[in-house]
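So the protein sequences, as listed, match chains C and Z.
Position 252 (the first sequence) corresponds to 252 in the working numbering; numbering is contiguous.
Position 352 (the second sequence) corresponds to 352 in the working numbering; numbering is contiguous.
Just so you know, these hints were derived from the structure itself, not from any lab.
Check the hints yourself; a few may be wrong.
Unchecked claim - With a straight-line cut-off of 25 Å between C-alpha atoms, the simulated BS3-like cross-links for lysine-lysine are:
no.: 1; chain 1: Z; residue 1: 282; chain 2: Z; residue 2: 90
no.: 2; chain 1: Z; residue 1: 101; chain 2: C; residue 2: 150
no.: 3; chain 1: Z; residue 1: 198; chain 2: Z; residue 2: 309
no.: 4; chain 1: Z; residue 1: 112; chain 2: Z; residue 2: 100
no.: 5; chain 1: Z; residue 1: 327; chain 2: C; residue 2: 77
no.: 6; chain 1: Z; residue 1: 198; chain 2: C; residue 2: 77
no.: 7; chain 1: Z; residue 1: 336; chain 2: C; residue 2: 77
no.: 8; chain 1: C; residue 1: 77; chain 2: Z; residue 2: 90
no.: 9; chain 1: Z; residue 1: 100; chain 2: Z; residue 2: 90
no.: 10; chain 1: C; residue 1: 77; chain 2: Z; residue 2: 309
no.: 11; chain 1: C; residue 1: 150; chain 2: Z; residue 2: 336
no.: 12; chain 1: Z; residue 1: 198; chain 2: Z; residue 2: 282
What the hints assert, rightly or not - Coverage of chain C stretches by chain Z, computed from C-beta distances (three or more under 8 Å per stretch; other residues unrestricted):
no.: 13; region: 6-19
no.: 14; region: 67-74
no.: 15; region: 220-226
no.: 16; region: 259-267
no.: 17; region: 302-308
It should be emphasised that the depicted structure is a prediction, and the values quoted were computed from it without experimental measurement.
The C-beta atom is built at its ideal place from N, Cα and C for all residues, glycine as well.
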Amino acid sequence: MEAIILQILNGLDKGSAYALIALGLTLIFGTLGVVNFAHGALFMIGAFCAVTFSRILTLSHTVVDETQTDFLGNPLKVDVPYLHDLFGQATGDAIIDWAVPLSILFTVPVMMFVGYAMERGLIKHFYNRPHADQILVTFGLAIVLQEVIKYFYGANPIPTPAPQAFAGSLDFGAMLGFDPNLIIYPYWRIIYFIFSAIIIGAVFAFLQYTTFGMVVRAGMADRETVGLLGINIDKRFTIMFGLAAAVAGLAGVMYTPINSPNYHMGMDFLVLSFVVVVVGGMGSLPGAVLAGFLLGILESFASMREVLEILPGLNQIIIYLVAIIILLTRPRGLMGRKGVMED
Amino acid sequence: MSKSNFTRRGLLKTSAVAGAGLTLPTIFTAQSAHAFTNEPTGGTVTLGFNVPQTGPYADEGADELRAYQLAVEHLNGGGDGGMLNTFSSKELDGTGILGKKVEYVTGDTQTKSDAARASAKSMIEKDGAIMITGGSSSGVAVAVQALCQEAGVIFMAGLTHSNDTTGKDKKANGFRHFFNSYMSGAALAPVLANAYGKDRKAYHLTADYNWGYTTEEAVRASTEAMGWETVAAVKTPLTQTDFSSYIAPVLQSGADTLVLNHYGGNMVNSLTNAVQFGLRDKQVNGKDFQIVVPLYSRLMAKGAGANVKGIFGSTNWHWSLQDEGSKAFVKSFGTKYGFPPSQAAHTTYVQTLLYADAVQRAGSFAPCAVAEALEDYEFDGLGNGKTLYRGADHQCFKDVLVVKGKENPTSEFDLLEIVEVTPAEQVTYAPDHPQMGGAEATLGACNNGA
Numbered sequence: 001m002e003a004i005i006l007q008i009l010n011g012l013d014k015g016s017a018y019a020l021i022a023l024g025l026t027l028i029f030g031t032l033g034v035v036n037f038a039h040g041a042l043f044m045i046g047a048f049c050a051v052t053f054s055r056i057l058t059l060s061h062t063v064v065d066e067t068q069t070d071f072l073g074n075p076l077k078v079d080v081p082y083l084h085d086l087f088g089q090a091t092g093d094a095i096i097d098w099a100v101p102l103s104i105l106f107t108v109p110v111m112m113f114v115g116y117a118m119e120r121g122l123i124k125h126f127y128n129r130p131h132a133d134q135i136l137v138t139f140g141l142a143i144v145l146q147e148v149i150k151y152f153y154g155a156n157p158i159p160t161p162a163p164q165a166f167a168g169s170l171d172f173g174a175m176l177g178f179d180p181n182l183i184i185y186p187y188w189r190i191i192y193f194i195f196s197a198i199i200i201g202a203v204f205a206f207l208q209y210t211t212f213g214m215v216v217r218a219g220m221a222d223r224e225t226v227g228l229l230g231i232n233i234d235k236r237f238t239i240m241f242g243l244a245a246a247v248a249g250l251a252g253v254m255y256t257p258i259n260s261p262n263y264h265m266g267m268d269f270l271v272l273s274f275v276v277v278v279v280g281g282m283g284s285l286p287g288a289v290l291a292g293f294l295l296g297i298l299e300s301f302a303s304m305r306e307v308l309e310i311l312p313g314l315n316q317i318i319i320y321l322v323a324i325i326i327l328l329t330r331p332r333g334l335m336g337r338k339g340v341m342e343d
Numbered sequence: 001m002s003k004s005n006f007t008r009r010g011l012l013k014t015s016a017v018a019g020a021g022l023t024l025p026t027i028f029t030a031q032s033a034h035a036f037t038n039e040p041t042g043g044t045v046t047l048g049f050n051v052p053q054t055g056p057y058a059d060e061g062a063d064e065l066r067a068y069q070l071a072v073e074h075l076n077g078g079g080d081g082g083m084l085n086t087f088s089s090k091e092l093d094g095t096g097i098l099g100k101k102v103e104y105v106t107g108d109t110q111t112k113s114d115a116a117r118a119s120a121k122s123m124i125e126k127d128g129a130i131m132i133t134g135g136s137s138s139g140v141a142v143a144v145q146a147l148c149q150e151a152g153v154i155f156m157a158g159l160t161h162s163n164d165t166t167g168k169d170k171k172a173n174g175f176r177h178f179f180n181s182y183m184s185g186a187a188l189a190p191v192l193a194n195a196y197g198k199d200r201k202a203y204h205l206t207a208d209y210n211w212g213y214t215t216e217e218a219v220r221a222s223t224e225a226m227g228w229e230t231v232a233a234v235k236t237p238l239t240q241t242d243f244s245s246y247i248a249p250v251l252q253s254g255a256d257t258l259v260l261n262h263y264g265g266n267m268v269n270s271l272t273n274a275v276q277f278g279l280r281d282k283q284v285n286g287k288d289f290q291i292v293v294p295l296y297s298r299l300m301a302k303g304a305g306a307n308v309k310g311i312f313g314s315t316n317w318h319w320s321l322q323d324e325g326s327k328a329f330v331k332s333f334g335t336k337y338g339f340p341p342s343q344a345a346h347t348t349y350v351q352t353l354l355y356a357d358a359v360q361r362a363g364s365f366a367p368c369a370v371a372e373a374l375e376d377y378e379f380d381g382l383g384n385g386k387t388l389y390r391g392a393d394h395q396c397f398k399d400v401l402v403v404k405g406k407e408n409p410t411s412e413f414d415l416l417e418i419v420e421v422t423p424a425e426q427v428t429y430a431p432d433h434p435q436m437g438g439a440e441a442t443l444g445a446c447n448n449g450a
């Protein structure tokens with residue numbers, strides 16, 4: 001029983017990341033009709049926004065410490081962050097410690113701009129081209145973006161820890177009456193799950209309860225008619241692209257303490273997120289979220305030792321296996337709409 | 001009246017033979033006029049440095065390349081001479097190798113076996129490389145070693161830790177200075193037993209590929225011999241990034257120690273996840289829970305950040321060693337590049353010097369002569385104390401370092417501290433040891449190529 005609860009919990013945070021990325025993918029597909037293979041790269045750029053912000057906070061000047069020596073026997077040069085000079089060591093360190101949550105403020109405008117620039121600069125030229133062309137150009141863009149990140153940040157993962165306040169894990173088992181240590185779950189993963197739920201809720205509320213969202217939904221349903229009403233739907237769709245980029249970026253920022261970011265982390269998520277979108281149903285936002293969590297949890301169950309002893313390798317194929325079964329039984333995915341990707 | 005012998009069948013036969021000849025890879029034919037593959041005829045000799053320049057180990061590859069460039073500089077008489085000054089052999093005098101100026105070409109292994117073979121092949125065929133060296137993966141090392149064996153050039157392995165490189169897949173033309181999984185297990189086990197006791201229950205997470213298997217086998221064998229019990233060993237996909245679903249059940253198993261048989265990005269992520277789950281803060285079976293990482297590299301420690309603090313592992317070499325060879329190399333490398341060298345840089349630098357020295361002693365670039373000079377060669381002054389290049393399997397036997405993550409690092413390079421220098425005798429094994437492929441594994445015959 002405890003093993004099952006544990007894997008459900010594990011699946012929730014994995015599912016949160018899938019759901020957030022798939023939500024952005026579906027938004028772009030539903031509004032602009034573009035299959036965006038660069039969406040994983042947006043997740044990765046979001047993570048590197050956290051790295052960059054962290055580096056900005058730790059900008060330092062060098063002080064020579066005569067009491068210590070470096071590896072060549074010279075007096076040790078110690079980097080002192082400017083924040084120490086400005087706010088004192090304790091406050092400066094506290095600000096640096098909270099770099100990841102604080103970087104959200106930096107990431108949202110950066111990602112909105114990246115999304116806007118990507119759509120206006122490249123993707124808009126491919127609206128009326130076949131999906132194969134869109135896939136090729138966005139996949140190419142993803143490779144370019146990851147190589148640019150590698151050039152500036154190197155190939156090695158960069159540790160970007162969560163604030164000390166969130167270090168360690170919560171003993172869920174003890175709370176539920178099980179023995180201690182049986183069901184533990186890191187605090188930061190709980191934060192990630194709650195954060196994802198808030199972002200997903202906010203995106204749905206934005207589309208459901210604002211005039212802007214209503215117009216966008218109308219445009220997704222019938223672009224031509226909305227255009228005939230004199231509404232500049234393209235402009236709104238461009239903003240939606242920026243919003244989708246920001247969602248992917250935020251997913252990346254908050255993911256950095258879970259796994260140290262590196263230049264190819266976007267590619268690791270991309271294919272799985274596409275499977276999530278297809279399983280959820282092309283163009284269906286609730287479908288993307290549902291499928292994200294469903295596949296995340298299934299993947300966790302398939303990684304259990306007891307399962308692997310019976311079916312070795314299941315953990316590597318489970319997502320694709322489920323995708324095949326769902327597409328055979330429900331060809332439009334879990335919540336797919338008629339007419340989407342069927343023309 | 002003359003009768004022509006030119007028949008349709010004859011034409012077909014001749015064409016088939018000629019075609020087969022033409023399609024033979026030039027690697028096997030182009031050098032037929034020479035005594036051996038890529039015999040240097042002018043005033044220079046070309047070495048092929050095959051390192052990951054792209055992909056996840058690109059940073060490690062960059063450090064290897066820096067070391068190779070430094071070695072070439074020293075061989076040609078430039079710089080301060082580095083470890084040439086401390087090397088027990090005094091054959092190398094800064095005038096190149098056998099009086100020929102050393103030049104080099106580079107290839108990108110991408111840490112993929114097929115790409116690594118292609119780049120090595122290109123360096124041999126097109127650039128005339130007489131020796132291939134480098135790499136940051138056992139899969140790549142085994143693949144390139146086999147290619148060099150066929151082509152008739154020497155392969156001086158870079159960073160490869162799997163037993164198989166000089167065990168099951170050893171080759172007469174291949175040589176490894178780096179240590180291996182068996183040695184890590186043999187060096188680590190006593191230190192672990194001393195630090196954590198002999199009554200431990202270990203849970204292994206193992207990367208699902210060749211290196212992972214040999215490391216798990218070696219660490220299990222040596223820790224079980226010390227009295228530890230292995231409660232479970234789970235294979236994790238090489239492409240895995242989030243290890244939470246593998247780490248969460250560890251405590252449920254009753255284990256009090258987690259062994260991460262992971263390298264590179266796998267190790268960075270699994271260790272980060274394990275620390276996130278608070279495993280190290282837990283008490284199991286009345287003991288503090290512990291994590292062990294059999295193979296450390298600086299780049300991995302850097303990627304995992306503060307999570308490595310206090311965690312035991314092993315390493316081939318560390319820049320904080322105080323022997324004359326290490327100090328000379330650190331000074332040379334640090335002055336040129338501004339930071340201390342990694343173990344990958346050290347092993348590749350040393351391999352280049354060892355190759356050059358062997359050629360010098362053999363008086364020939366012929367691979368079989370070089371191999372003979374390297375076999376059972378004992379040397380010192382290159383950073384690991386007295387070392388033997390064993391002839392039976394072409395593996396170096398030297399002291400192994402047991403390290404742990406430093407609690408208070410002074411810089412981004414000061415991440416590990418040496419806990420113990422395990423003497424070579426303690427990590428030495430028989431050439432036909434079962435973990436090395438047993439009696440069936442043989443070097444085969446040396447190949448001079450053309």
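So, going through the hints one by one against the coordinates:
The straight-line distance between the Cα atoms of residue 282(Z) and residue 90(Z) is roughly 55 Å, outside the 25 Å bound, and the hint therefore fails. Between the alpha carbons of residue 101(Z) and residue 150(C) the distance comes to roughly 35 Å, so the proposed pair goes past 25 Å and is violated. Restraint check for residue 198(Z) and residue 309(Z): satisfied, since their Cα atoms lie roughly 22 Å apart, inside the 25 Å limit. Proposed proximity of residue 112(Z) and residue 100(Z) is contradicted: the alpha carbons are some 33 Å apart, above 25 Å.
Restraint check for residue 327(Z) and residue 77(C): satisfied, since their Cα atoms lie roughly 20 Å apart, inside the 25 Å limit. Simply put, residue 198(Z) and residue 77(C) have alpha-carbon atoms about 43 Å apart, too far for the 25 Å limit, and the pair is violated. Distance hint between residue 336(Z) and residue 77(C) is fulfilled; the C-alpha atoms sit about 18 Å from each other, no more than 25 Å. As the CA atoms of residue 77(C) and residue 90(Z) are separated by approximately 37 Å, the hinted pair breaks the 25 Å bound.
Simply put, residue 100(Z) and residue 90(Z) have alpha-carbon atoms about 17 Å apart, close enough for the 25 Å limit, and the pair holds. For the given pair, residue 77(C) sits about 22 Å from residue 309(Z) by alpha-carbon distance, which is consistent with the 25 Å threshold. The straight-line distance between the Cα atoms of residue 150(C) and residue 336(Z) is roughly 24 Å, inside the 25 Å bound, and the hint therefore holds. In summary, the hint linking residue 198(Z) to residue 282(Z) is supported, as the alpha carbons are separated by about 19 Å, within the 25 Å threshold.
For the region 6-19 of chain C, the assignment as covered by chain Z holds, since 7 residues bring a beta-carbon within under 8 Å of that chain's beta-carbons and 3 suffice. Using a Cβ-Cβ cut-off of 8 Å, 4 residues of the region 67-74 of chain C lie near chain Z, which meets the minimum of three, so the contact claim holds. Coverage of the region 220-226 of chain C by chain Z is violated [criterion: at least 3 residues with CB-CB distance below 8 Å; count 0]. For the region 259-267 of chain C, the assignment as covered by chain Z holds, since 5 residues bring a beta-carbon within under 8 Å of that chain's beta-carbons and 3 suffice.
For the region 302-308 of chain C, the proposed coverage by chain Z is satisfied: 4 residues have a C-beta within less than 8 Å of a C-beta in that chain, meeting the threshold of three.
The structure fails to meet hints 1, 2, 4, 6, 8 and 15 from the earlier list, while all remaining hints are met.
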